[in-house]
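Note that this note's numbering has the sequence shown beginning at 1, numbered continuously upward.
Worth double-checking, as some hints may not be accurate.
[As the list claims (entries may be wrong)] Okay, derived cross-link-like pairs now, BS3-like style, lysine-lysine, Cα gap no bigger than 27 Å in a straight line:
no., residue 1, residue 2
1, K16, K62
2, K44, K16
3, K62, K29
4, K35, K62
5, K44, K18
6, K18, K29
7, K18, K35
8, K16, K35
9, K29, K44
10, K62, K18
11, K62, K44
12, K29, K16
Quick caveat, the hints were computed from the structure, so don't treat them as lab data.
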Amino acid sequence: MIHIHLYGELTDIVGKEKIEMSTFQSLRKCLDALKEEFPSLNAKVYRVALNNEIIDEDVQLKQGDIIALMPPFAGG
């Protein structure tokens, strides 16, 4: 299983803070499946972290990986 953690408005779209999905071969395939299940995600901007590291490229996934989807946030 892949563990997906959602934050901010993304939690509202999915309806929960954490979900589990089958293991996908790549991050891109996992995100595509997530967007297919929750089409409203297509209109949102967010960063992706894999195992606590922000990434910008497609990578191979393995059993137990943790993906975090984080919308922009401000603070100070």
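Status of each hint after checking the structure:
| no. | hint | in the structure |
| --- | --- | --- |
| 1 | K16 to K62 | holds (23 Å) |
| 2 | K44 to K16 | holds (16 Å) |
| 3 | K62 to K29 | holds (13 Å) |
| 4 | K35 to K62 | holds (20 Å) |
| 5 | K44 to K18 | holds (18 Å) |
| 6 | K18 to K29 | holds (18 Å) |
| 7 | K18 to K35 | holds (15 Å) |
| 8 | K16 to K35 | holds (15 Å) |
| 9 | K29 to K44 | holds (18 Å) |
| 10 | K62 to K18 | holds (18 Å) |
| 11 | K62 to K44 | holds (26 Å) |
| 12 | K29 to K16 | holds (21 Å) |
Violated hints for the displayed structure: none, as all numbered hints are satisfied.
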